[in-house]
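J.: One-letter residues, chain by chain:
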Amino acid sequence: MLGQEVDELPAQDACLVDFAQSLTARPWTVGVAEIRRLTAAGFSDQAIVLVVGLVAMFNYLTRVADGTGIEADYGGVLPEFAYRGLTDSAPRPAPEDWPTLEPDIPCLSLLPGVAAAVDRWREYVAEGSDPLSPAVRHRLRWVTARNTCDGTVPAPDPAGTQPEDQLDRFADKLSRTPWLMSQADVDDLRTTGLDDRAVLHVIATVAYQSAESRLRIGLSALARAGS
Amino acid sequence: MAYLPVIGKQEADGDLLEAYLAMGARPMPSAYVPDHGDAAGIIRAHSLDPELMRRSFAVSGSLSNDVLPWHSRELVNAVTARENECFY
Chain A
17 MLGQEVDELP
27 AQDACLVDFA
37 QSLTARPWTV
47 GVAEIRRLTA
57 AGFSDQAIVL
67 VVGLVAMFNY
77 LTRVADGTGI
87 EADYGGVLPE
97 FAYRGLTDSA
107 PRPAPEDWPT
117 LEPDIPCLSL
127 LPGVAAAVDR
137 WREYVAEGSD
147 PLSPAVRHRL
157 RWVTARNTCD
167 GTVPAPDPAG
177 TQPEDQLDRF
187 ADKLSRTPWL
197 MSQADVDDLR
207 TTGLDDRAVL
217 HVIATVAYQS
227 AESRLRIGLS
237 ALARAGS
Chain B
3 MAYLPVIGKQ
13 EADGDLLEAY
23 LAMGARPMPS
33 AYVPDHGDAA
43 GIIRAHSLDP
53 ELMRRSFAVS
63 GSLSNDVLPW
73 HSRELVNAVT
83 ARENECFY
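From first to last, the protein sequence lines stand for chains A and B. Start counting the first sequence at 17; every next residue gets the next number (my numbering). Start counting the second sequence at 3; every next residue gets the next number (my numbering).
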C-alpha cells in the first residue's frame, strides 16, 4: 500500500487508512464505532469532517478520471501505481441492512466554507437542467446511491427516463467499478444521442452522488456518535 | 487518449480560459503541478464545462484545511484513490 504496510504506519495514520478504505469500498459498514476509533486516536470532530470530505471528494475525482479516461500526468513523487486486477467491488448487503440515513447531511458546517461549496456543487450537478434533464440526473443518482447503500434518493418515476438501459448500465459500472471504465462505455452512451458535454455531465452526476452518499454516511455516523 | 475531447489551457479562450486562470491562481503543492505546463489532467477533464470545473474544485479547495496536516490529507486522498484502483 503506497510502498508501506499499514501495520508499519503510526497509529493515527493507520486509523486514517482504515477509515478511508472502509468509507470508499464498504461505506455501509461505517457507523458510530468507526467514528469513535478516530476520536480515540485523537482526531477532533472538525478533523473527522475533513477526513470524510476528502474521501468523498476523491471518490468524485477518481470517477471523473476513470470516466473521462484522462492519463496520469503528475511527476514521480509517489511510488509507481500498480493495479490489483480487481474485477468487482465488495458485495452489497440487502436494503434492510443499509445504514439509517436522513436526506440532510449533518456536521458539514463544522468546517468553514465547505457546506456552501457543496451546496453550489449539488445545485449544478445534482439538480441542474442543462445539459441533462433533472429526471435523467435523478435516475443516475438513484442507481449510484443504491450502490453506496444510501436509500435517501427515491426511486425514479416508473414512467422512466429514456434510455434507461444505457444510463443504468453506465451509472452502475462507474459507481461500482470505476477502474473498469473504457472508451466502449462512453461510446455506448453516445449512441443515445448525448453530446460530449452531456456525457461529461453523466460522469459528473454519478461521481457527485458517489461523493454525496459517502458524505451522508460518514457524517451521519459522526452526528450519531456525538448525540 | 481521453474518451472525451479535452481543451487544454493553451487552446482555451473566454469562460474556459478564465476558469483555468482562476484555478492556476490557487495555492498548489508542487506535487500537483505537472511538468507539461498545462493544467493537470483531472482539471482538464472538466474543460467541456467551465462552470462544472469551478464548482467542483471549489469543494476541493474548501477542503484544503490545516485542521489536518498536509501529509495526513494526502494519505487519505491516496488511500481513497488506491481503493478505487485509480492513479489519481
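Careful, some of the hints might be misleading.
[To be verified] Per label pair, the in silico range of CB-to-CB distance: (1) B:LEU23 x A:GLU118: 34 to 44 Å; (2) B:TYR34 x A:ALA132: 21 to 31 Å; (3) A:GLU112 x B:LEU19: 25 to 35 Å; (4) A:GLY101 x B:LEU19: 20 to 30 Å; (5) B:MET30 x A:GLU139: 34 to 44 Å; (6) B:SER32 x A:GLU180: 38 to 48 Å; (7) A:PRO107 x B:ALA27: 18 to 28 Å; (8) A:ASP173 x B:PRO29: 29 to 39 Å; (9) B:GLY39 x A:ASP120: 27 to 37 Å; (10) A:PRO109 x B:GLU53: 15 to 25 Å; (11) A:ARG240 x B:GLN12: 46 to 56 Å; (12) B:HIS73 x A:TYR99: 41 to 51 Å; (13) B:TYR34 x A:GLU180: 30 to 40 Å.
[Claimed, not checked] Covered stretches of chain A, as calculated for chain B (at least 3 residues, CB under 8 Å): (14) 166 to 173; (15) 234 to 241.
Quick caveat, the hints were computed from the structure, so don't treat them as lab data. For glycine and all other residues, C-beta sits at the position ideal for the given N, C-alpha and C.
J.: Output the indices of the hints that this structure fails to meet, ascending.
T.: Of the numbered hints given earlier, those the structure breaks are 3, 4, 5, 7, 8, 9, 10, 12, 14, 15, listed in rising order.
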